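J.: For this one, chain R is given, so just place chain X on it according to the hints.
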Amino acid sequence: MAIVETRDLTKVFKQGQLGAVNEVNLLTREGEFMVFLGPSGSGKTTLLRMIAGLEEPTSGDVLIGGRVVTRLPPRERRIAMVFQSYALYPHLSVYKNIVFPLRAQKVPKEQRRPKVEWAAGLLGIGELLERKPRELSGGERQRVALARAIVREPSVFLLDEPLSNLDAKLRASARDELTQFHRRIGTTTIYVTHDQVEAMAMGDRIVVLDKGLVRQVGSPREVYDDPADTFVATFLGSPPMNLVDHGDVLAGFRPEHLLPAALVQGPAVAITARVTNVEYLGNERVLYAQIQDGRFAGQRLIGRLPSVYHVEIADGEVVPLAIPERNLRYFAKSDGRRVPPRSLAWQ
Amino acid sequence: MFVPAVLYIAGLIGVPLILAFLYSVGDVTVGSVGYHFVGLANFRSVLQNPAFRGALLHSFIFTISAQLIVIVGANVLAMALRHPFRGRGLVRFFCLLPWVAPISLGAIGWKWILDSIYSVINWGLVRLHLVKPFDAPMWLGEPTLAMISVILVHAWRMLPFSTVILLAGLTAIPRDIPEAAAVDGAGFWRTHFEITLPMMRPVIAVALLFGIIFTFTDMTVVYILTRGGPYDTTHVLPSYAFFAGILGGSLAEGAAVSVFLVPILVLVAWAMLRVAHRSEVV
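Going down the list, the sequences are from chains R and X.
Following this note's numbering, the numbering of the first sequence begins with 1 at its first residue and continues without gaps.
Following this note's numbering, the numbering of the second sequence begins with 1 at its first residue and continues without gaps.
It should be emphasised that the hints constitute simulated quantities derived from the structure, not laboratory data.
None of the values given here were measured: they were computed from a predicted structure.
Just to be clear, a hint being listed does not mean it is correct.
Using C-beta positions, here's what the derived DEER-type ranges look like [stated by the list, open to error]: (1) R/172 <-> X/79: 37 to 45 Å; (2) R/15 <-> X/278: 28 to 36 Å; (3) X/187 <-> R/135: 50 to 58 Å; (4) X/278 <-> R/71: 36 to 44 Å; (5) X/168 <-> R/135: 22 to 30 Å; (6) R/14 <-> X/129: 48 to 56 Å; (7) X/270 <-> R/59: 51 to 59 Å.
Chain X stretches covered by chain R per the calculated footprint, using a threshold of three residues with CB under 8 Å from any CB of chain R [stated by the list, open to error]: (8) 14-24; (9) 192-201.
Under the rule of at most 20 Å between Cα atoms (straight-line distance), these lysine to aspartate or glutamate pairs were calculated in the EDC-like manner [to be verified]: (10) R/132 <-> X/115; (11) R/132 <-> X/194; (12) R/211 <-> R/161; (13) R/96 <-> X/27; (14) R/333 <-> R/245; (15) R/96 <-> R/153; (16) R/96 <-> X/176; (17) X/132 <-> X/115; (18) R/106 <-> X/115; (19) X/111 <-> X/218; (20) R/211 <-> R/335; (21) R/14 <-> R/32; (22) R/106 <-> X/194; (23) R/96 <-> X/194; (24) R/109 <-> X/142; (25) R/211 <-> R/195; (26) R/115 <-> R/127; (27) X/132 <-> X/142; (28) R/109 <-> R/135; (29) R/96 <-> R/127.
Backbone N, C-alpha and C define an ideal beta-carbon position, used for all residues, glycine too.
Next up, chain R with everything else stripped away, as it sits in the complex:
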């Protein structure tokens, strides 16, 4: 096990252009499950590849277990990586795939089979050892890739969108399995994804990236409840956070906090809005609304009303809505950064 650290890590692919990764400083904790989350092109995969040693940084350093590994090839970093495509060796059987890292690391012959069987057992693929990758399902391939990664007990685990090739149903169970698996082996893990559900569900901490910059590092609760800026606020959560334009300040609140006024207790901001559309999704209703009066008239909002509330709301209806004050977040309009709470005149 080891701590991974990056110091001012930068990658510029084309000189004179904005870097794919810009001066990223990160420090994992021992045994942590850290998730790099960001839209495509945010630099999350490039960052991971630099940690793996597959991409040479333009500047900055990578440290694994306190050792500077920036100039070392991947094989001297004691890491294991699972690729998005799984990158199984197509001409080798599952057994030979899993044993490959052991052979490459010159593990004595008699220790190899027990280790492979241990890894295969851990992932429940003991029956598949003689098969070829092409004869496996997507989920089985993913397990083989994981088994190949853990078989030599690496100090760091790097996972590059390993669930994106699975169908939606399988993905949920694979998520749970990966989390369980991480708890069992306890290796420091870095996980790259563009799927916020995966990030929220699995990460001890989430690193939110955009355009090669770290926007926020925090636990799932922190990045969701206390976003550092409007990018994080709107990237996480579906539908995204509502942002109401208020002069030099943006007031933000999650759709689930926009409720019919009758359901809100305590200090709250009241607004009147016309519901333009209601989507019934079974577990909840999504309300598309437009503020009717006051200084914010005309602004569009999205609300989520859990199905446990039996409130009749029809298209075109004008309804009183409210947002609990403690759920309001404020951002500077100039740079989108979070600013301290302030009282705004809503009417």
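T.: For chain X alone, kept in the frame of chain R given last:
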């Protein structure tokens, strides 16, 4: 609909092939008008001819050695040309040149390079004091050296073709695979021999198949450089067939020699296609 195509193929390929078979079991010579069926007499007489047996042996030596050199060389070149670098386009162009340029031109160039009097190689060797003047090797005049020269020039000519095929195979391997091997701890050689080469097997088989057929049936290099000499020591089957059948006038004998190529090539093609097919299925 297909009739024109069928006629065209039959005319271009079928007629000469059938003619070759007919000649090989007849008694045709250049200038003769009649045709008498003589059965396998031509084959029998050809088999007893030491020059033919020599040519058969040389054909195998020529093909196997040239293809060995070509496959190894093409591998190295393909690896070197895989990643972009400054001037890669130019290097690629030069690598392709021997294949694109007319072989007669290239071979005549080599004839001069290997000439007994004007050889630039010998000139260089003399200047480097590696050999004495007037005692330089006769590249095309000594049986072993002549064979080596013919093989090397042919390999030089075939190299670009195999390089292009192997390069295609190499670029078809997803980037993830060698990267996974690197992360798994494999160095260059292990990645190359245990991952890259096995994954390229079908493509290498195709390159070999074409290479063997092109080499086995080719006579240009031998014809221009040595004309089968000295003392028939570099004759291969096609050049021998040409010399016996066309220049020697014994069409039937030449046809018999040519027909000898058929079963060998069919066997090679069958074996190679099997290899290619098997590696695809696995």
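J.: Check the hint pairing residue 211 of chain R with residue 161 of chain R against an upper bound of 20 Å on the C-alpha distance.
T.: Holds. Residue 211 of chain R to residue 161 of chain R sits at ~18 Å (cutoff 20 Å).
J.: Can you confirm whether chain R covers the segment 192-201 of chain X, using C-beta to C-beta distances below 8 Å and requiring at least three such residues?
T.: holds (count 5)
J.: Does the alpha-carbon distance linking residue 109 of chain R and residue 135 of chain R stay inside the 20 Å limit?
T.: This hinted pair is violated, its Cα atoms lying about 27 Å apart.
J.: Falls inside 22 to 30 Å, the C-beta gap from residue 168 of chain X to residue 135 of chain R?
T.: For residue 168 of chain X and residue 135 of chain R the Cβ distance comes to about 27 Å; the hint holds.
J.: Does residue 335 of chain R lie within 20 Å of residue 211 of chain R when you go C-alpha to C-alpha?
T.: holds, 15 Å
J.: Are residue 278 of chain X and residue 71 of chain R spaced within 36 to 44 Å by their CB atoms?
T.: At 43 Å between Cβs, range holds.
J.: Is the hinted pair residue 115 of chain R and residue 127 of chain R satisfied, with a Cα-Cα distance of at most 20 Å?
T.: holds, 15 Å
J.: For the pair supplied as a hint, residue 96 of chain R and residue 194 of chain X, is the alpha-carbon distance within the 20 Å limit?
T.: holds, 11 Å
J.: Given the hinted pair residue 132 of chain R and residue 194 of chain X, is their Cα-Cα distance within 20 Å?
T.: holds, 16 Å
J.: Do the alpha carbons of residue 132 of chain X and residue 115 of chain X lie within 20 Å of each other, as the hint requires?
T.: This hinted pair holds, its Cα atoms lying about 17 Å apart.
J.: Per the hint of 51 to 59 Å, is the separation of the Cβ atoms of residue 270 of chain X and residue 59 of chain R within bounds?
T.: holds, 58 Å
J.: Given the hinted pair residue 96 of chain R and residue 153 of chain R, is their alpha-carbon gap at most 20 Å?
T.: holds, 17 Å
Comparing the model with each earlier hint shows violations of hints 2, 3, 8, 10, 13, 18, 21, 24, 28; every other hint is respected.
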